[in-house]
Each structure stands twice: as C-alpha cells, then as structure tokens.
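Asks: Protein chains in written order, with our numbering: chain A, 1 to 195; chain B, 196 to 429; chain C, 430 to 1017.
Bear in mind the hints are in silico, worked out from the structure with no lab data behind them.
Please note: incorrect hints may appear among the correct ones.
[Claimed, not checked] FRET-style restraints, in silico, Cβ to Cβ:
| # | chain 1 | residue 1 | chain 2 | residue 2 | range |
| --- | --- | --- | --- | --- | --- |
| 1 | A | 44 | C | 660 | 34 to 42 angstroms |
| 2 | C | 532 | B | 318 | 55 to 63 angstroms |
| 3 | B | 205 | C | 532 | 25 to 33 angstroms |
| 4 | A | 103 | C | 660 | 48 to 56 angstroms |
| 5 | C | 553 | A | 22 | 22 to 30 angstroms |
| 6 | C | 660 | A | 115 | 46 to 54 angstroms |
| 7 | B | 311 | A | 38 | 54 to 62 angstroms |
| 8 | C | 531 | B | 325 | 48 to 56 angstroms |
Every residue, glycine too, gets a C-beta built ideally from N, C-alpha and C.
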Amino acid sequence: MLATVALSVIIQNAAILLWDPSPKTIKHVFSPVPLTLGPINVVSIRLFAGLVAVALIVGSHLLIQKTRIGRAMRATFQDTDMARLTGVDVDRVYMFTFAFGAALAGASGALLGAVFWVYPAMGDLAALKSFAVVIMGGLGNFLGAIVGGLLLGVSESLGAGYISSGYKDAIGFILIILLLLWRPQGLFGKKALPR
Amino acid sequence: MLTLDGVSVAYGAVEVLHGVSLRVDEGEMVCLLGANGAGKSTTVRTISGLLRPSAGSITFLGERLDGRPAHAVLMRGIAQCPEGRRIFPEMTVRENLEMGAYVRGGEGARADDLERAFHHFPRLKEREAQLGGTLSGGEQQMLAIARALMSGPKLLLLDEPSLGLAPTMVGTVFRVIREIRRQGVTVLMVEQNASLALQMADRAYVMESGRIALGGQARDLLHNEDIRRAYLGG
Amino acid sequence: MKLWAAAAAVALLALPLIGVDDYYLHLLIMAGIFYLLAAGMNLLLAAGQLNLGHTAFYGIGAYTSGLLGVHFGLSPLWTMPVAAAFTGFVGYLLGRLTLRLRGAYFVLVTVGFAEVIRLVATNWMDLTQGPMGLAGVPAFNLGIERWTLVSKRDYYYLMAALVAGTLFVTARILGSRVGRALAAIQSNESLAESSGISAYAHTMLAMVVSCVLAGVAGAFYAHYITFLSPELFGFQNTVTMAVMVVAGGQGMVLGPAVGSLVFTFVPELLRMAANRMLLYGVLLLLVVMFMPRGLVFYLRALLRGRAPSPAAVQAADAALETGRAAAAGAAPALDVREMTVRFGGLAAVEDLSLTLGRGEILALIGPNGAGKSTAFNVVTGFQPADTGRVDFDGVDITGLPPYRIAERGLVRMFQRTSVFPEAPALDNVLTACHRLARTRLWEVVLMTEAAREEEARHRRRAQSLLNFVGLGRKAGEAAKNLSCGEQRLLGLAIALAPDPSVLLLDEPAAGLNAVETGQLMHLIEVIRSRGLSVLLVEHDMKLVMGLCDRVVVLNYGVKIAEGTPTEIQQHPEVIRAYLGSGEILADA
Chain A
1 MLATVALSVI IQNAAILLWD PSPKTIKHVF SPVPLTLGPI NVVSIRLFAG LVAVALIVGS
61 HLLIQKTRIG RAMRATFQDT DMARLTGVDV DRVYMFTFAF GAALAGASGA LLGAVFWVYP
121 AMGDLAALKS FAVVIMGGLG NFLGAIVGGL LLGVSESLGA GYISSGYKDA IGFILIILLL
181 LWRPQGLFGK KALPR
Chain B
196 MLTLDGVSVA YGAVEVLHGV SLRVDEGEMV CLLGANGAGK STTVRTISGL LRPSAGSITF
256 LGERLDGRPA HAVLMRGIAQ CPEGRRIFPE MTVRENLEMG AYVRGGEGAR ADDLERAFHH
316 FPRLKEREAQ LGGTLSGGEQ QMLAIARALM SGPKLLLLDE PSLGLAPTMV GTVFRVIREI
376 RRQGVTVLMV EQNASLALQM ADRAYVMESG RIALGGQARD LLHNEDIRRA YLGG
Chain C
430 MKLWAAAAAV ALLALPLIGV DDYYLHLLIM AGIFYLLAAG MNLLLAAGQL NLGHTAFYGI
490 GAYTSGLLGV HFGLSPLWTM PVAAAFTGFV GYLLGRLTLR LRGAYFVLVT VGFAEVIRLV
550 ATNWMDLTQG PMGLAGVPAF NLGIERWTLV SKRDYYYLMA ALVAGTLFVT ARILGSRVGR
610 ALAAIQSNES LAESSGISAY AHTMLAMVVS CVLAGVAGAF YAHYITFLSP ELFGFQNTVT
670 MAVMVVAGGQ GMVLGPAVGS LVFTFVPELL RMAANRMLLY GVLLLLVVMF MPRGLVFYLR
730 ALLRGRAPSP AAVQAADAAL ETGRAAAAGA APALDVREMT VRFGGLAAVE DLSLTLGRGE
790 ILALIGPNGA GKSTAFNVVT GFQPADTGRV DFDGVDITGL PPYRIAERGL VRMFQRTSVF
850 PEAPALDNVL TACHRLARTR LWEVVLMTEA AREEEARHRR RAQSLLNFVG LGRKAGEAAK
910 NLSCGEQRLL GLAIALAPDP SVLLLDEPAA GLNAVETGQL MHLIEVIRSR GLSVLLVEHD
970 MKLVMGLCDR VVVLNYGVKI AEGTPTEIQQ HPEVIRAYLG SGEILADA
C-alpha cells in the first residue's frame, strides 16, 4: 500500500515539475450553452461525461462478469489458491487488474478535467472520495461501489445546496462515519470470521 | 505415470515432509492414508505445485514437475480437487465449470465439455445458474470433481472427498469416483474413511509424521492389524 | 548501538554552544517536531495499524494551543498540556469508531478523517481564519515577560527536552510488557487474545499516546512559528512522517529518531529542498521495495553482527506454581450444555453436552469435520453458538470475548498457529504471562521497583516453563526456527503461562512422531497432577487411549458415544464412524 502512495506522490510532483501547478482547461467541441431537457438545464459536456461514465461502468461490468479474464479476476478474489489450481496465473491477473483500474482512473481524470479543471493535485480529492465509496460498498463489491458512488454524488449535491457548499467534500466522510457506526463491515461487506 | 522420489518440504526452517517416495501407475487408483498432520495434504499440494520441495524430485510422464507453478502442473495434465471442496462461492455452477476449463483457453468452455459434465452429474444441470455457495455439501463436492475433470486431466488428485458429508452423500460421491476410474482417469486420493478407500483402491500408502510408513496392495492393507491399531489404538 | 546513540545525543546537545548557524538549529527543531509525530505513528504501527491521517492530530494540537493563546491570552505553559490532552481525546473518539476496522479500511478512514479536518479548518473562517491563516500566536513564555523564549537556542533546548521525554516514554512502552503485547497483537492476534491480551484496549492505548504526542508537536509548532495555516493538515506532512517511520525502522525505538534526522537533512544535502516531496516519494518507494525493515534494523545488524542470545535466566524452582489449588469445589471445571452451532442450514454442532470434571483429562474425538474445532471455538469465545450455554467453574461464560475467558483461567492451545513466530521463545512465553501482571501502566513507564521486580519474576517464570517443556536451552531462539515438535512444546508453555485452571488442547500431537508424542503425554500427566483439568481434541489414538480418563466421540456434529477409552474402543458405532463402513458400496 505504501508503495502505491509513494508512486502517486512521485507522479504528482513530477507533474508539478514538468508542467506548472496552475489549473488548465481541456478544449472540447461541445458548446457551453446549456441544453434544455424538460425542467432540467444541463451543459452538453456534463451530459457527455455522464454518458461516457455510464458506458464505462457497463463495459467494466460486462468485462468482469462475462469474459474469461473477468472470471479469472473474480476467482482470484474469492479463493486465490483455488484459482491457481484451475490454472490461473495469479500474478498476471494482479497486473491486469491494476492496469485496468489505472485505465479507469485515467478515463475519469480526462472526464473530470473536461468538466472542471486540470491540475496536478486533482486526483487527491477524487481518490479520497473513491475511498469513501469503496468503504461504503465493501471492498471487492462492484455493485456496492456503484450504489455508493450514486449515494455520495447525490448527497453531496443536496448537502451543498441545503447546508453549505464549502463543506461539500466532507459530506462523503460524514456519511462513512455514520455508516460505520451502524454497520462496521460496510453496506454490503461481509463480516470476517475469526480463525 | 507419477513418481515422487525423496521429496522433502519445509515451511521456513521446519521440515514437514521427509524424503517421501511413492508412485502412481497409469489407470491405477492409489490411496494416501494417515492421521491428521501426517503430511498427506502437504504431499498433494506439493504435487500440484502450490508448494515447492526443498529436496527430491517429482516426475510425471517423464518430465520433472517439482518447482513448477500450479498452472503449469495443470497444463501437464494433473488436476486437484482440494480439501474442503473450495468451489467459488460467488460464481454460478456453470461459471465454476468454466473455471475448470480455464487452461483450455478460449472464451467459454467448449460446449461438448460442458455437456459431458452435465451428463455425469445431472444434479448440476438442474442447478446450472445457482451460485456455488448455495449448494449443499454433497452437491459442492460433485461440482468440485466435475470442475477438476473439465480440464481433461490424466491424473486426478482428490483430497478428502468425504469430508463433512452425510453417509448417503459419501456413497454417491464414491460411486461417481468409481465411474471416473472406469473412464480411464488415474486417481490419487487422500482419505480419512480408510475402509471405504481401501475397498476402492488398487494400492495404498500410510503416512506418519511426514514419512511413508507403510505401502502395499489395498486388499492386503484392508485386513491389516497395523491400520486398525493406528486408527483406534486397540 | 546504545553507545553510538549516546554519543550522538551529546554531540547534538552541544551544537548551539559551538556556534552552529541558526538555520541548522531551525532544521533540527523541525526534525524534532517530526520526530514526535513519527514516534507516535510508529507506536500505533507496532500494533499493526497504519494511521495515514496522523497529520490531523498535529493540526488539532497546533490550532487548539494557538487559539487558546490568541483569544484568551493564556500562556503556552497551560495551553500546551491542554492541547495535548484534547488531541488525545479526539484520538480516543476516532479510535472508538475505527479501531474495530482492520488493515486497508483503517487506513482509508484515517486519510478521510484528515481531509475532513482540513476542510473544517479551511472553511470555518470564524474560528480559524481559514486559508489566510492564524497569526499572532504568542511565543513561549512562562507568564513573565523576561522568560519569553526568544532565541533559536532556547527553542532548541526545549525541543531537546521534549525529544528526550518522548524517547524515554516510547522506549519504556515498547520495551515493556505493553510493547510485547502490541507486537503479539500484530503477529498473531488470536493467540494474543487467548493469552489474556485485549487487542482493542492495547491498540487504543497506542492510539491515544500517539495522538497526545502529535498534540505536543503541534502546540510546539504553534508557539515556535507563531503562524498557523490549514496546510498543516495537508497530505504532504503525512507522506513525510510515513517516510521517516518506514525508512527509519518501524517498531523500533530509534527508528523515528534516525528517520526524522536523516530525512530532514537529505533534501538539504541534495539541494532538493524545493522538490522534497518528489524526493520523499522516490525514497519511500525505494525503501518499501528494498529495505522494508528500515535503516535502524540494518544498521544494528551491521554494528552488532549476530544478535547475542539473551543471558540464561535463572529459573524459579517450582515450575508450575499454580496460584489456584485444585479447590474442592462442587462445580465441574467445565460444563457445556446443549450447544448448537449452525452454518446456513447445516448444523456443525448439534445439541452437544459434555462435562469436564476437576483434575480430569477428557478427549473429544471424531472424524474430520465432526465439529470438534467448532465446539472449541465456542467454548473459548471465538465463535458464537446459536443455542446452548458454557459454564466455567460454575460461572456462565457464554458469549464472553476470548481475552476475558482467558483471564478467568480457561486457556486454549491452537492447532497450527500456536506461537508468535518472530519473537524468541522466552519472549513468547513472557508475553503470555500478561494477565498475571498486577502493576499499572505508569509504574511500568517509570520503572518503579515493583514493576522491575514483577518483570524479573515473570522472566523467571517464563524460563522455568520453558525448562518444564524441555526447551530451556532454546530460550533465545526465534520461534519460527524451531522444529514442528518444538513449536508444539512452546505452544504448550505459552498456554501454561497465564496460570490456567483448565487447558484446552487442539490436536497437540499432530505431526509428532512416537517419541515426541510420548514426551507430550508425560507432560500432560504432570500438568494434571498439579491440579489442572484438560480437555483435548486428538486423532492420535495411542495418546487418547493411554492418557485420558474419559472420551467423548462426535460424528457429524452429534455426540455418538461417551465413556472410558476401553469402552469406546469396542463401541460399534465408533468403529463404524472412524474406519467407515464398506456397506455403501455393497450395491453395483
């Protein structure tokens, strides 16, 4: 775990060195004029980002549930030794999973950057929120992560509107603390039995 | 077909297997008996590549296997059905079988492989879309054996197939094992139920404290006083 | 190693006197602040929990002391202890919430916690002035104008005092039974719990102490720099601390000290002060990959060569002075009534009742999967039962946590994981003496006469237990290097250490040869003759038949027979269950 923290620090600071830390924008083809869909006004780029996100989620789900490599990933998670015994090269699976996760993060970075700004530290807040989502959904639970992500997004927006926008980012963690008080193993997580 | 020669295995500095030598010939069924902690499971895990021997050699069909990783051993034709069944609980029956065929490559298991599995184990066909974790103990054992067979192995390693099963289920499972043998699959089985195992096997070894203590024809051992004494101390 | 450390300390203390530049004094003071932070993080890491939100406590300490000084004009003499105590309290609250989480979850929540605190500090402008920062924090003074600390040198010596104090406290904690308990929790939590060590209580202690240290560091910073900004809560500080702890040497007293010194100066020496985060990232990655035990560990190995074995400890005469005599009580040692445990629809144990009399040796036998381990788990508190009740010495212990059951005198020896692998054999047994300790924590830290005497007494007891099982000469050997049989004997010594009245042995003879089994049988006989009652699970029939008074047979979770060994041997159902019947194949 510490190694990946170190990696992220290195990459961030290298980015600061290579490009300056000031925020930049991504040029895109969508017009900044909002579309009107019934009572909702939405800027095209956000709609696009949302649609792409949904497509990526569906695509990832299909990959994990329907393909051979997806089965290998699930088998490795459920019972690593048994996966080895069915011929899965567990090291390769770990590498692929890490790369896949990194690719998803990269895609989401591109989307976030198009909607907001691009700057070296942009990953910090996003990473923290994704931690919150994982804790709420339970480690290893894909469906839980989707539910958690939606829950977090909606609560943040509602909270920012009704309470205060400065604390918007803290809402995620207030949610987690409340959740952990109620269920120490997360929304969908499983309780570990002592051996 | 399979030969172990002076195999020793250590966990860190502690040696748990000391110079184990045994052999399994093609078409045979050989049993590995012994008390808990005697080293039976360790032996099987070493054959299948989960453990690496510190000394000795393992030869299968003329090729050295010791030290190769588990997926390489599987590719050579040895499949293991481990102790406690270990089916993937969050995957369906069909997906478990597909995992068994993982080494064959391709996106899904070949249709004829799956058909053959369901033919031998009709109960599994009924539960095709059910999650593995919801099956009963006996059904899980069937699934585990079917899964191991999906890779088309030449040698099947069975680790305590009767563990935790009700007596009637044990009967069913052993009937299945006998059927598999009839199809020409060679079997090395670790079993607690000594009497049953010896009735089905050709030869057997008895292990004690990480060594082979006895070996011989199954029917000779069946009536052997040493076995009775070892299991009941009387 | 101690000599080097002492020499370094003297040199450091002398620095201001020989006219070293103020800039370097400042660096050393910052190194000192980070030492306090790293030492706290290190303490919690000794229990196996990584707190990547530690910087939050740093900031809380700083702002608390700073705000009290700015708004109420109180002297730092008062505000620093208040801030430290308050920070410790916040740590306690967070611990209540999160210490039941393990591993990755704990790390994630602590990171989130730091971020929340940062957001609060940035947005609550009324309290903290937000991103513009809080200025005008009073410098150190003792209430009298003349005694305000002004020069760098003054601050330097104050920091030196704090560092010395922290070194002392952490050395005492880590070197005492508390440190052993923390290491035990990290190494083998089940074994620690069943030796009477409460994982939660000890981890909480480490958490609170580490937060108090962070509070002190923060308060010092406030009155030294006299300006505070929410950047204190930033992840940068956390990475810095993590590098110091991990690269310095986790779990070691001097680790954070070496780490904080080295990593404050390395960026300076490499002239990379402006890009220090990049450097830290690279260093952290390199250390985690290549030198995971940290600098101090490798330095010590270099300086000392092979670690010398601890001097042979003089053993106590009575090997098993059991404080509890085999009292003539009416209640049986252990009484299990109608225990049922279900997993899903399957009953692992069904309506089991058994009684262990005082001074009896009872065996629980049955084929694999018969439910014996499950029954043991329930009796020792590791697993709940669906119905049923367990009475120990006439008192209901159903549902109590393992360490409480061990405290009362019911101790279990585990089947496979029965030792703390990294520690020497003597320490293994010494750790398990934990519940016999009567001295309080403050006595341990201050090394009072009573504490020292108790430690020596426990050492003697540990050595005599090792002698009793025949491992006397191997006291200094790491447990993982012992043979299978020796580890089993060590496990027995560990189980005897908390002075139990009932011993539960889980397959003690597994993997032992005939000679070793014989030794084991003899030991159990002696143990019984000293007044203990023994319940054991075994497959080795020689041991069962030769040693036990009575036998209970389980099959498929149900008791099928009970009686003397001879009766059991001839019981047809037992023979059928164990050897299996061949009837099933009669057809076809």
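Asks: Against this structure, judge whether each hint is valid.
Replies: For each hint, the structure was consulted:
{"no.": "1", "hint": "A:44 with C:660: 34 to 42 angstroms", "verdict": "37 angstroms, holds"}
{"no.": "2", "hint": "C:532 with B:318: 55 to 63 angstroms", "verdict": "39 angstroms, violated"}
{"no.": "3", "hint": "B:205 with C:532: 25 to 33 angstroms", "verdict": "29 angstroms, holds"}
{"no.": "4", "hint": "A:103 with C:660: 48 to 56 angstroms", "verdict": "33 angstroms, violated"}
{"no.": "5", "hint": "C:553 with A:22: 22 to 30 angstroms", "verdict": "27 angstroms, holds"}
{"no.": "6", "hint": "C:660 with A:115: 46 to 54 angstroms", "verdict": "27 angstroms, violated"}
{"no.": "7", "hint": "B:311 with A:38: 54 to 62 angstroms", "verdict": "56 angstroms, holds"}
{"no.": "8", "hint": "C:531 with B:325: 48 to 56 angstroms", "verdict": "32 angstroms, violated"}
Hint violations for this structure: numbers 2, 4, 6, 8, all remaining hints satisfied.
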